[in-house]
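A.B. asks: The task is simple: from the sequences and hints, build the whole structure.
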Amino acid sequence: MKKIALSIAVAVALSACDSGQQAAKPAAATQPAAATQPAAEGSAAQKLTAKDAQAFLKGAQQRLEKMGQEASHAAWLASTYINIDSQYVEALASERYTTLAVELASEAAKFNDLDLDPDTRRQLTMLKQGLVFPAPKDPALTSELAQIGSKMQGMYGAGKYCREDAGEEKCYTLTEMGQVMATSRDPELLKELWAGWREVSPPMKPLYERQVEIGNAGTKELGYDNLSVFWRSKYDMTPDAFAADMDTQWGKVKPLYEALHCHVRAKLNEHYGDDVAPAQGKIPAHLLGNMWAQEWGNVYDLVKDDDMQAPYDLTQLVVDSGMSEKDMVKVGEKFFTSLGFKPLPETFWERSQFTQPRDRDVVCHASAWNMDGQDDLRIKMCINKTGEDLVTIHHELGHNFYQRIYKDQPFLYKEGANDGFHEAVGDTIALSITPKYLKEIGLMDEVPDESKDIGYLMQQALDKIAFLPFGLLVDKWRWQVFNGEVQPEDYNKAWWKLREDYQGIAAPVERSEANFDPGAKYHIPGNTPYARYFLARIQQFQFHRALCEAAGETGPLHRCSIYKNDEAGKKLRAMLAMGASKPWPDAMEALTGQRDLDASAIIDYFQPLMAYLEEQNQGRQCGW
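Residue numbers (the numbering used here): 11 to 634.
One should not assume that every hint holds.
[Unchecked claim] As a list, the in silico DMTMM-like pairs of lysine to aspartate or glutamate whose alpha-carbon atoms are at most 25 angstroms apart:
#1 K147 - E202
#2 K170 - D127
#3 K262 - D246
#4 K446 - E520
#5 K395 - D316
#6 K57 - E105
#7 K395 - D315
#8 K170 - D418
#9 K215 - E450
#10 K574 - D311
#11 K61 - D418
#12 K57 - E117
#13 K507 - E520
#14 K292 - D473
#15 K340 - D385
Simulated from the structure, these hints should not be mistaken for lab results.
C.D. replies: Set out below in structure tokens:
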């Protein structure tokens, strides 16, 4: 995940792989704040000129940049020195930034009807679209919207489930329940925790309904029909075209997902039997190792064949190397410098948090920061000497090198080409952590042969492929809610229709409109858009394929690493340097030669696994 220190989304953490636990809090600017007076209307608006728009943008960006630095440092302090004072300072800075962002977004709407050059229009649009739930100008509604958001996040954050355990009441946090969901094979316990966690969300339903009503009003004041149109307008194409493209990409990967679903269902049936895990139809949602059945990697032990093994144990390789936590970060930095990026500044090594301090509480969740829009780059982690954290380091540094290379862009363009790009770049680099790379950096003596690749690809697919339909449907549900297609009396029904249709999973216990299951996923009460995660899963493979082609790699895509390749480095640097200065298809073309999303790269990457799944699924009745 990254911390965007200097943008409308100041200090927001975006989770690439959405771990399924509570995400970091959403952007300060996504929270409503006191609105300013309405922009001039009528004859006054007609007197505005293109020069007025350009002057407004110059001043707005200067103000945002200055206040953004203040908010960034306050957020860093609150994450690395957790106490009542740091939290107060962060909240105050966040409120100040939010108030400014809302004010400037409202002012930007004054120029909606002017004939402007594309660059000026793009920056004005980005200024408005930096908000997630725009606040109306009515101060009472603004205040109510802020209170609703705070209440829902508080409900989620305080959520627990209590049950009798050995004669005593034991209360489980979401993190603790997640650990049980990942490791337990007791279907009754899993079902109980699955239903128990969802007791947190029914009180959110009337609040969410009211929030949508107010948010739609605020969105209309910015010139959009509703929140659905507003959210889908942020991708350099019409809202309907964006939604259609998402469906098109899903159509390309759906056969792979269906084959994986068929195989996983059969293996769960073998383990649990017909009464718990039916051999046909939908998979019960509590059996997939994750509270939301969004990623299935935790059931790898049930899904793999007896002789299926990953080709290596990356954690063991890290431990055997004797590397320190800082050494692990140095390894990640070397990947990027091998591609022609400049080394990280000395301040990165002085100011980053690499390990958990002994003397204070900190936020350990990994994130990448740019504090000043220039060279004050940092990562914040509590690094463990594991293979997972070595991969995470490469991912987080992907954010840092992206942030640094577009530092000379105007303030509003210091961002990824769309909200999926930043996460996709980090994941693209992580895809190059292959045996070939590990041998080059001295962690492996020999590259294993391809006989064990299926185990590795299965592990990858259980997370990356299993996630795709969930990544698509979360915002599909919200779009339907925002535009009125789904009314409050059908919130839960519509949620489960999407989950059944797209994922082929079923609730393990009866659900009704007394439930509000969408609210049991943080990104709903937290108002974090979700399409970005679907996009990132598509884009990372598209980027990886293009970079491997530039590197002259001719072997299997899952074995390719671009480490030390000049040509791949040139292409990557050229794309990253664009920031958000051009529509994302331009950035995509600069790297891949394609102007469109293309999920066929996923099919290329997982081709050996698809062949394996087709063989395994012979004689099975697939689909649901």
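A.B. asks: Decide, hint by hint, whether the structure agrees.
C.D. replies: Comparing the hints with the structure gives:
1. At most 25 angstroms may separate the alpha-carbon atoms for a hinted pair to count; K147 and E202 exceed this at roughly 45 angstroms.
2. Taken as a hint, the K170 and D127 pair is broken in the structure, with Cα atoms around 53 angstroms apart against an allowance of 25 angstroms.
3. Simply put, K262 and D246 have alpha-carbon atoms about 22 angstroms apart, close enough for the 25 angstroms limit, and the pair holds.
4. Proximity of K446 to E520 is assessed by CA-CA distance (about 49 angstroms); at most 25 angstroms being required, the pair is judged violated.
5. A C-alpha spacing of about 28 angstroms is found between K395 and D316, which places the hinted pair above 25 angstroms, so the restraint is violated.
6. Between K57 and E105 the CA atoms are separated by roughly 33 angstroms; this puts the pair beyond 25 angstroms, and the hint is violated.
7. For the given pair, K395 sits about 28 angstroms from D315 by alpha-carbon distance, which is inconsistent with the 25 angstroms threshold.
8. Taking the CA atoms of K170 and D418, the gap is about 46 angstroms. The hint is violated against a cut of 25 angstroms.
9. For the hint linking K215 to E450, the alpha-carbon distance of about 54 angstroms lies beyond 25 angstroms, and the restraint is violated.
10. Among the hinted pairs, K574 with D311 is inconsistent with the structure: their alpha-carbon atoms are about 35 angstroms apart, more than 25 angstroms.
11. At most 25 angstroms may separate the alpha-carbon atoms for a hinted pair to count; K61 and D418 meet this at roughly 23 angstroms.
12. With a C-alpha separation of about 15 angstroms, the suggested pairing of K57 with E117 holds against the 25 angstroms cut-off.
13. For a cut-off of 25 angstroms, the pair hint linking K507 to E520 stands: about 14 angstroms separates their Cα positions.
14. For the suggested pair K292 and D473, the alpha carbons sit about 18 angstroms apart, so the restraint of at most 25 angstroms is met.
15. For the proposed pair K340 and D385, the alpha carbon gap of about 17 angstroms is at most 25 angstroms, so the pair holds.
This entry does not satisfy hints 1, 2, 4, 5, 6, 7, 8, 9, 10, going by the numbered hints stated previously.
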